[in-house]
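Residue numbers (our numbering), protein chains in the order written: chain A, 254 to 729; chain B, 254 to 729.
In short, the hints are calculated from the structure, not lab data. Among the clues, some could well be false.
As the list makes no split between identical chains, a pair holds if one copy fits it or if it spans any two.
List of simulated lysine to aspartate or glutamate pairs, DMTMM-like, C-alpha gap at most 20 Å [said to hold, decoys possible]:
id	residue 1	residue 2
1	K498	D336
2	K726	E259
3	K462	E452
4	K498	E259
5	K579	E271
6	K579	D423
7	K462	E259
8	K499	E259
9	K524	E694
10	K277	E385
11	K579	D269
12	K268	E566
13	K667	D423
14	K524	E385
2 protein chains.
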Amino acid sequence: MSALREINPNVRMMKDLEIGVVLKRAAGVREMLQKGKLPFTGLIDVSWGDPHTGGVKPITFVRQVLAACLYPQLISSDKLPVDARQRAQKLLACCEGGSVGSYTATKGAPQIVSSVAEFISRRDGGVPSSVENIFISPGSQWCLSNVLKLLIHHQGSAPSGVLVPVPCYDVSIRSVVELGGLSVPYYLQEEQGWEVQVEELNRAFESSKEICNPVALYIINPGNPTGHVQSRRSMQEVIRFVSEKKLFLLADEVYQDSVHGDKSQFLSYKKVLAEMGPPLSDSQELASFHSVSKGFMGECGLRGGYVELTNVEPAVMAHVYRLFSKDSCAPVLGQMALELMVNPPQPGEPSYRLYTQETQHIRSTLRHNVRRAEEVLNSLPGFSCQPVEGGAFVFPRVDLPPRAVLRAKEEGMKPDSFYCVRLLEEAGVLTGPGCQYGQKEGSSHIRFSIMTRGDTMEELLRRISCFHLQFMKEFS
Amino acid sequence: MSALREINPNVRMMKDLEIGVVLKRAAGVREMLQKGKLPFTGLIDVSWGDPHTGGVKPITFVRQVLAACLYPQLISSDKLPVDARQRAQKLLACCEGGSVGSYTATKGAPQIVSSVAEFISRRDGGVPSSVENIFISPGSQWCLSNVLKLLIHHQGSAPSGVLVPVPCYDVSIRSVVELGGLSVPYYLQEEQGWEVQVEELNRAFESSKEICNPVALYIINPGNPTGHVQSRRSMQEVIRFVSEKKLFLLADEVYQDSVHGDKSQFLSYKKVLAEMGPPLSDSQELASFHSVSKGFMGECGLRGGYVELTNVEPAVMAHVYRLFSKDSCAPVLGQMALELMVNPPQPGEPSYRLYTQETQHIRSTLRHNVRRAEEVLNSLPGFSCQPVEGGAFVFPRVDLPPRAVLRAKEEGMKPDSFYCVRLLEEAGVLTGPGCQYGQKEGSSHIRFSIMTRGDTMEELLRRISCFHLQFMKEFS
Numbered sequence: 254m255s256a257l258r259e260i261n262p263n264v265r266m267m268k269d270l271e272i273g274v275v276l277k278r279a280a281g282v283r284e285m286l287q288k289g290k291l292p293f294t295g296l297i298d299v300s301w302g303d304p305h306t307g308g309v310k311p312i313t314f315v316r317q318v319l320a321a322c323l324y325p326q327l328i329s330s331d332k333l334p335v336d337a338r339q340r341a342q343k344l345l346a347c348c349e350g351g352s353v354g355s356y357t358a359t360k361g362a363p364q365i366v367s368s369v370a371e372f373i374s375r376r377d378g379g380v381p382s383s384v385e386n387i388f389i390s391p392g393s394q395w396c397l398s399n400v401l402k403l404l405i406h407h408q409g410s411a412p413s414g415v416l417v418p419v420p421c422y423d424v425s426i427r428s429v430v431e432l433g434g435l436s437v438p439y440y441l442q443e444e445q446g447w448e449v450q451v452e453e454l455n456r457a458f459e460s461s462k463e464i465c466n467p468v469a470l471y472i473i474n475p476g477n478p479t480g481h482v483q484s485r486r487s488m489q490e491v492i493r494f495v496s497e498k499k500l501f502l503l504a505d506e507v508y509q510d511s512v513h514g515d516k517s518q519f520l521s522y523k524k525v526l527a528e529m530g531p532p533l534s535d536s537q538e539l540a541s542f543h544s545v546s547k548g549f550m551g552e553c554g555l556r557g558g559y560v561e562l563t564n565v566e567p568a569v570m571a572h573v574y575r576l577f578s579k580d581s582c583a584p585v586l587g588q589m590a591l592e593l594m595v596n597p598p599q600p601g602e603p604s605y606r607l608y609t610q611e612t613q614h615i616r617s618t619l620r621h622n623v624r625r626a627e628e629v630l631n632s633l634p635g636f637s638c639q640p641v642e643g644g645a646f647v648f649p650r651v652d653l654p655p656r657a658v659l660r661a662k663e664e665g666m667k668p669d670s671f672y673c674v675r676l677l678e679e680a681g682v683l684t685g686p687g688c689q690y691g692q693k694e695g696s697s698h699i700r701f702s703i704m705t706r707g708d709t710m711e712e713l714l715r716r717i718s719c720f721h722l723q724f725m726k727e728f729s
Numbered sequence: 254m255s256a257l258r259e260i261n262p263n264v265r266m267m268k269d270l271e272i273g274v275v276l277k278r279a280a281g282v283r284e285m286l287q288k289g290k291l292p293f294t295g296l297i298d299v300s301w302g303d304p305h306t307g308g309v310k311p312i313t314f315v316r317q318v319l320a321a322c323l324y325p326q327l328i329s330s331d332k333l334p335v336d337a338r339q340r341a342q343k344l345l346a347c348c349e350g351g352s353v354g355s356y357t358a359t360k361g362a363p364q365i366v367s368s369v370a371e372f373i374s375r376r377d378g379g380v381p382s383s384v385e386n387i388f389i390s391p392g393s394q395w396c397l398s399n400v401l402k403l404l405i406h407h408q409g410s411a412p413s414g415v416l417v418p419v420p421c422y423d424v425s426i427r428s429v430v431e432l433g434g435l436s437v438p439y440y441l442q443e444e445q446g447w448e449v450q451v452e453e454l455n456r457a458f459e460s461s462k463e464i465c466n467p468v469a470l471y472i473i474n475p476g477n478p479t480g481h482v483q484s485r486r487s488m489q490e491v492i493r494f495v496s497e498k499k500l501f502l503l504a505d506e507v508y509q510d511s512v513h514g515d516k517s518q519f520l521s522y523k524k525v526l527a528e529m530g531p532p533l534s535d536s537q538e539l540a541s542f543h544s545v546s547k548g549f550m551g552e553c554g555l556r557g558g559y560v561e562l563t564n565v566e567p568a569v570m571a572h573v574y575r576l577f578s579k580d581s582c583a584p585v586l587g588q589m590a591l592e593l594m595v596n597p598p599q600p601g602e603p604s605y606r607l608y609t610q611e612t613q614h615i616r617s618t619l620r621h622n623v624r625r626a627e628e629v630l631n632s633l634p635g636f637s638c639q640p641v642e643g644g645a646f647v648f649p650r651v652d653l654p655p656r657a658v659l660r661a662k663e664e665g666m667k668p669d670s671f672y673c674v675r676l677l678e679e680a681g682v683l684t685g686p687g688c689q690y691g692q693k694e695g696s697s698h699i700r701f702s703i704m705t706r707g708d709t710m711e712e713l714l715r716r717i718s719c720f721h722l723q724f725m726k727e728f729s
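Hey, can you work out the whole structure from these sequences and the hints?
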């Protein structure tokens, strides 16, 4: 019964990732490398924003506490600092039967949800946050998917539409498509540092009205892949826009801990909205997402994220609860990592010093990586990289010579996929092509993660530089 | 924009759980208990099949290995047995950057998927299992949900229908409803030990054809909540039925490790199908689900499960991959727990003895709990409990006196919800009402977990007995 033509047409609409062509080649490169048949000594995979893959070390305190939660005999061992053991004890008290193997409540263990609410309120300078509005899940994207399930439907003549930025992290768009929704692109202004512009939001909205029923706007700040950090003014404009058009605002804020620029500061949509005052602050619906995967902690594999909903009416909140309850609960260790993220060791506690050293080292490494990437890329002919103020990626534009574009076409690839494949096969650097994330017709970009060790970044930039000069020469 | 009337109508169809009324009261009981205002000394919560909540101890080897994976300094510590440390080292070698904080491949870390495939083939007496067909996710229900996304759609005049047993674990049904599918009930025959009967499957199928387009049959074996274990003959009948009706077979086999009866044996649908030979074995589509949450390991909070697909055509498999890829990957520690489940310590290894002691203790406790529950319940007037051959629950029928039914109605509750509320408030035992799982009109049941310590089970049965006799007297 499940011949291809009979499966869910929304699922059938899900396309292969554009990066797929590069990833497929990467398998071949890994094989060749093992046989010692390539002119470089190892593959540098910066196609994902995965800090530990990039050689960034996990934070000792986090791992000590979680290990003790898993194997409570460690709580009485002097191998671990006393505050790590105490914290483990406190976290285990949140678990039924004192075990991380028990289910928690649907929204997360109540004490952990409470910690998250306190963190949000602290972060936002006292704007209240209620445990009622917070749902912990295996990651921010799972949360997004549940909120989209609420908003997207098929009744009426037109599908539901969600405004999404271009470029944009592709998984968010796939969630819209999978549910039968239409993703309506609004273009970020590369020349203005990937700024969001209201005229463009208006254009996208108006153009979409004939083909869908727009229900929400998705935004990611700090940006992925752009690295842009929004100003308060820009956020206020977005809020006024969504309010006027009656759109649900989906604010992906998973990179809130990763601001690298001196001139930029992360502000949450919740705070900016609250400070705009009534009637906006009492009415505009908002979902804000955060995660343990991103930022300095980088615990992607533990799977823990949350969404906080604002101004969603109680009758609808009951349905949100039902949606999340179907998923039993988020991984308990992911929930605990979230608690450790929002409640790090404090001055005077035994683990404070090491924790501070480690996190400062990560922050300064990332900052250095960003500056070096901007510097080197902007010195290369044909490359132009907007300032990277936050997030995990650089997304430089590469102006490819017409002969390279032609060759790409001959080989059945998008120009930047062709570039990424060559960069992979000739220099052993695995990046993502811009076409994976969306870009203005005719432009080409590559995306790579800055979540690496400092020496890895230097080697990476050295390889890109050599390769690029050679490539430009070949196709000039 | 998300007023209640504007949200996704499929989501709006999701109802509150019937058990909700009992759970709400439980919060009050917990509060009263803390104030010492109740005649019993603690709440026994057996409403979920959560072994660690029930006081069952985690398996030492599993926790030692996972703790060392989280905090690799433990690998060089003599606090842990050498095989646990070696296993941790081996598992960390599956992780990018040697960290459980890295993402794995979408389907799970390749080495772990391989271990699962080898386990399946071993379990099924050599029937081949391919890594291509296995997807690891945060739990078997997430896997089920992804497979249902493939099968259920809204095109054409009728919604897709899925045949589901009554009684049935409610979350599986909610997944169907959430996607806009119709769940078509087929009744299990309580008097025949909750057997599946083909005439009933036929009746359900024929009755559904006018209101939906039936696409799949869901079955859970060993049963939840019924505790029934299917015979080979019964499974063959089901396979012939789904084949004839061109239905995808969804086999929930998460309780495969939990067979308590001497006369019963778990057989996988994959094995039975393979042994039926072509053309059935080459054509019938099958999804089989398994998990680390159920059975003796009981690591619900780690979140790890898998699905194996059989006879799904390659073009469709590509879409399954896309569906799973949207979810990044399953929690890495949940994946590792899965690896430990399918590859326990072997004779001669240092951890073998303790592992065997622990698992045998759990198995014999569960077996004892089941026998005691059957014995005590069947001795109570109005109770009748079918033999519990497998799974985590007993699901006895309670024939409630007409006056109790009337009183329930007056209080706006289903009869068995009323019974459960009284059992909770008067005896401190938290169970689930039969109406939560579905049952024949006019009958009443309760469900409770047998995944508890032996002394907890004795206390539980003592409380139920005292309460029940009092209750019957009150309403006689």
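Evaluated hints:
Proximity of K498 and D336 under a CA criterion of 20 Å is satisfied in neither setting, with 50 Å inside one chain copy and 61 Å between copies. Taking the closest pair of Cα atoms, K726 and E259 never come within 20 Å of each other, the shortest separation being 50 Å inside a single copy and 57 Å across copies. For the identical chains of this complex, K462 and E452 are intra-copy neighbours only, at 16 Å inside a copy versus 51 Å across copies, given an alpha-carbon limit of 20 Å. When the C-alpha separation of K498 and E259 is checked against a cutoff of 20 Å, the pair qualifies only between copies, where the shortest distance is 15 Å, while the shortest distance within a copy is 37 Å.
In this assembly of identical chains, the alpha carbons of K579 and E271 lie at most 20 Å apart only when taken from different copies (14 Å versus 32 Å within one copy). In this assembly of identical chains, K579 and D423 lie within 20 Å of each other by CA distance solely across copies; the values are 9 Å between and 25 Å within a copy. In this assembly of identical chains, the alpha carbons of K462 and E259 lie at most 20 Å apart only when taken from different copies (17 Å versus 30 Å within one copy). For the identical chains of this complex, K499 and E259 are inter-copy neighbours only, at 12 Å across copies versus 36 Å inside a copy, given an alpha-carbon limit of 20 Å.
Taking identical chains as interchangeable, the C-alpha atoms of K524 and E694 are never at most 20 Å apart, the minima being 36 Å within one chain and 52 Å between chains. Taking the shortest Cα distances, K277 and E385 sit within 20 Å of each other only across copies (15 Å), while inside one copy they are farther apart (44 Å). Only between protomers do K579 and D269 lie at most 20 Å apart by alpha-carbon distance; the minimum there is 11 Å, versus 28 Å within a single protomer. For a Cα distance limit of 20 Å, the shortest separation of K268 from E566 across copies, 17 Å, qualifies, whereas the shortest one inside one copy, 35 Å, does not.
Taking the closest pair of Cα atoms, K667 and D423 come within 20 Å of each other only inside a single copy of the chain (17 Å); across copies the shortest separation is 47 Å, beyond that limit. In this assembly of identical chains, the alpha carbons of K524 and E385 lie at most 20 Å apart only when taken from the same copy (18 Å versus 47 Å across copies).
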